[in-house]
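Peer 1: Following the hints, complete the assembly by docking chain B with the ligand onto the known chain A.
Going line by line, the protein sequences match chains A and B. Each residue of the first sequence is one higher than the one before, counting from 25 in this note's numbering. Each residue of the second sequence is one higher than the one before, counting from 656 in this note's numbering.
If you are wondering where the hints come from, they were derived from the structure by calculation, not from laboratory data. We put the beta carbon where it would ideally sit given N, CA and C, even for glycine. Do not take every clue at face value.
Unchecked claim - Stretch by stretch, here's where chain B covers chain A in the computed footprint (C-beta under 8 angstroms, at least three residues):
1) 46–59
2) 78–90
3) 93–102
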Amino acid sequence: MNQWEVYVNDVKELAEDAEIELTIRTLNPGIHKYTYKRVRAQLSADLKKHADQLQVRLGRGQLSNSRFSIKVLGEVQRMPAKYL
Amino acid sequence: MAAPRSNREFIEACVKSGDAVRIKQEVDWENEAGAIVRRACELAAPAPFMEKIKDYPGFSYFGAPLSTYRRMAISMGMDPASSLPEIGREYVKRTNGEPVAPVLVDRKDAPCKENILKGADVDLCRLPVPLVHDGDGGRYVGTWHAVVTKHPVRGDVNWGMYRQMMWDGRTMSGAVFPFSDLGKALNDYYLPRGESCPFATAIGLSPLAAMAACAPSPIPEPELTGMLAGEAVRLVKCETNDLEVPADAEIILEGEICPDYKVEEGPFGEYTGYRTSPRDFRVTFRVNCITYRNNATMTISNMGVPQDEGQLLRSFSLGLELEKLLKSQGIPVTGVYMHPRSTHHMMIVGVKPTYSGIAQQIGQLAFGSKLGPWFHMVMVVDDKTDIYNWDEVYHAFCTRCHPANGIHIYRNSTGTPLYPFATPHERKHSIGSKVVFDCLWPVDWDPINDVPTVVSFKNVYPKDVQEKVLGNWTAYGYPPVK
Ligand SMILES: Cc1cc2nc3c(=O)[nH]c(=O)nc-3n(C[C@H](O)[C@H](O)[C@H](O)COP(=O)(O)O)c2cc1C
Chain A
25 MNQWEVYVND
35 VKELAEDAEI
45 ELTIRTLNPG
55 IHKYTYKRVR
65 AQLSADLKKH
75 ADQLQVRLGR
85 GQLSNSRFSI
95 KVLGEVQRMP
105 AKYL
Chain B
656 MAAPRSNREF
666 IEACVKSGDA
676 VRIKQEVDWE
686 NEAGAIVRRA
696 CELAAPAPFM
706 EKIKDYPGFS
716 YFGAPLSTYR
726 RMAISMGMDP
736 ASSLPEIGRE
746 YVKRTNGEPV
756 APVLVDRKDA
766 PCKENILKGA
776 DVDLCRLPVP
786 LVHDGDGGRY
796 VGTWHAVVTK
806 HPVRGDVNWG
816 MYRQMMWDGR
826 TMSGAVFPFS
836 DLGKALNDYY
846 LPRGESCPFA
856 TAIGLSPLAA
866 MAACAPSPIP
876 EPELTGMLAG
886 EAVRLVKCET
896 NDLEVPADAE
906 IILEGEICPD
916 YKVEEGPFGE
926 YTGYRTSPRD
936 FRVTFRVNCI
946 TYRNNATMTI
956 SNMGVPQDEG
966 QLLRSFSLGL
976 ELEKLLKSQG
986 IPVTGVYMHP
996 RSTHHMMIVG
1006 VKPTYSGIAQ
1016 QIGQLAFGSK
1026 LGPWFHMVMV
1036 VDDKTDIYNW
1046 DEVYHAFCTR
1056 CHPANGIHIY
1066 RNSTGTPLYP
1076 FATPHERKHS
1086 IGSKVVFDCL
1096 WPVDWDPIND
1106 VPTVVSFKNV
1116 YPKDVQEKVL
1126 GNWTAYGYPP
1136 VK
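Here chain A stands alone, though its shape is the one from the complex:
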């Protein structure tokens, strides 16, 4: 199970059961904790639906009470190839 975190201005941005793009950071322990990825994912308020868990922070870093389970479908590469 992986732990992820997302920043949003409003929890309504997190549509359930649809494929959405998100910038998420890993909360897994270790030296890479808090590094980001851009991903395609599916969310559910049912915490058992997907294996990974997602917690939510709001605009100024406040931890939201909303929690989701998340399935990461794949990574989205926004960065132009010349920098890779």
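Peer 2: Below, chain B with the ligand alone, put in the same frame as chain A:
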């Protein structure tokens, strides 16, 4: 006492004078180190030198490097007990001298080259990048550092302290404001041409190099550092671009600023004492090479409520640079002071009020200068008011500033996105508003009949009565006054 030439010499001097403590027990890079630095700032306690960091054997942290005037004095090679006006006079004297050009040293004489990571080895997570405040948008690589760039046409070098957040192992994003030197170079040149801008971030600088990187002085920072230190700063060529970086720095990151790609940055605890600026897509840095000293020390400034370097050092250099500017224009200023608790938002200017409108002239120069975006209040008092004594300044403000005639407001000027009082739209577009508080008696008032007399012990009693009372004070039954 010579000014410390490196972060290591500075730590040693601070430990020796009791202005830093060695923390031997393991400290977590996630929140704990940040919390120690924050508490040290709020208590004006010695700077924490954290020698053992979880997950990062061999690395250490030095926090709150210049968040007290004592450490500022040590950084200048002065007696730690020097007063603020003494430190200020020394800063002005040194920075009014001849520029001291840097010297280029060989790679083998540059400690920052002791370890070099290139290609697939480049991973910022190999450095102990701290999570400074819980809830921050990321771990911040650059909180007390210099971003080194060179103007593509003029060739002049810029060292600026612009915060940098780690986005992933090779990418950082940072708040480079459009009115900063780097912001101007990016917007004038690189972004319209779609060219990437070479940069190097130097972390763990000598304290005077760091002071220069966040001083709003027109002198290029390598020369300014040399002037402050009284000797040339040692630079060395980068591995992957033609920039030069301080050879004695602890850690160097080399790379390019992407003109066509941005990632999210923030939120972050800021110098105003709040998290104000929103998470946004900001200037994005791609790291191509990391070099660092053996047993490298990462420096941490933890911004929040007063007082940390964001307020103390910036108030110091903004105030003194404004004083130099006003004097260069022939204005009879007697001093300029920013109280750190104003989070460098209020300039207090003492002046001999010899002609009408002098307060507005001062305000317009101050707000119209390169320093202007960083503060929004100018309070002008006369030369008899002690600008360092808030009680006196506050008394002058509350009694001499005419609510209709003495407050002058300027709208739609330049501000910072960090102003807590600004509207979300103003923050997004760096729009500011400014105010001058004129606390001078108008020069067209009759000085005998119109100007009120200050009623104080010092001002209304004859000298001989004052001396008698002072001489008899304890005889009257009062304890001695310190
Ligand atoms: C701890 C600290 C952090 C700072 N962070 C930023 C920042 O993120 N962005 C910025 O534009 N200025 C920041 N500043 C202020 C700049 O360092 C300062 O304006 C400096 O003079 C920049 O140089 P320039 O205006 O000559 O480009 C910071 C200052 C300090 C002391």
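Peer 1: At least three residues with a C-beta closer than 8 angstroms to a C-beta of chain B: is that true for the segment 93–102 of chain A?
Peer 2: It is violated, with 1 qualifying residues against the three required.
Peer 1: For the segment 78–90 of chain A, does the count of residues with a C-beta closer than 8 angstroms to a C-beta of chain B reach 3?
Peer 2: holds (count 6)
Peer 1: Per the coverage rule (Cβ-Cβ under 8 angstroms, at least three residues), is the segment 46–59 of chain A covered by chain B?
Peer 2: holds (count 8)
In summary, the structure is inconsistent with hint 3 from the numbered list given earlier, while agreeing with all the others.
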